[in-house]
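Start from the sequences, fold in the hints, and give me the full structure.
So in my numbering, the last spot in the sequence shown is 101, and the numbers never skip.
Hints in this document: simulated from the structure, not taken from any laboratory. This list has only true hints and no planted wrong ones.
Derived SDA-like pairs: lysine to any residue, alpha-carbon spacing no greater than 25 Å straight-line:
id, residue 1, residue 2
1, LYS42, ILE27
2, LYS72, MET47
3, LYS29, ARG39
Keep in mind it's a predicted model, so treat the numbers as computed, not measured.
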Amino acid sequence: MDVDIPRFWEETDKMTNIGYFMGAIDISKFCPLDVFEQRAEKLFASMKSSRPAPGFDQVMIPGEIELNMTRKSREEGIEMSEVSLREFKELAERYNIEYPF
Numbered sequence: 001m002d003v004d005i006p007r008f009w010e011e012t013d014k015m016t017n018i019g020y021f022m023g024a025i026d027i028s029k030f031c032p033l034d035v036f037e038q039r040a041e042k043l044f045a046s047m048k049s050s051r052p053a054p055g056f057d058q059v060m061i062p063g064e065i066e067l068n069m070t071r072k073s074r075e076e077g078i079e080m081s082e083v084s085l086r087e088f089k090e091l092a093e094r095y096n097i098e099y100p101f
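Below is the structure:
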């Protein structure tokens with residue numbers, strides 16, 4: 001269970017016993033890319049038209065939250081916490097660099 005996994009940055013001497021897999025699939029080896037894209041769009045449209053779960057106002061597909069955040073960041077700039085801004089300011093002062101924010 002995940003409660004048994006050591007905290008990466010706090011318990012660095014402990015073995016985590018977790019693994020990762022990353023794979024890449026060449027869709028064109030299975031079907032034409034335009035056919036795949038049409039099927040994916042149809043699936044996404046079907047998912048988006050589904051009734052949201054109680055307490056939610058919309059159905060979201062994987063990656064949609066991140067895509068929306070990326071779009072917002074490009075339009076409005078990257079949102080940064082007060083802590084990060086303070087740390088950047090301290091670094092700028094330490095290295096005599098003009099702080100632009």
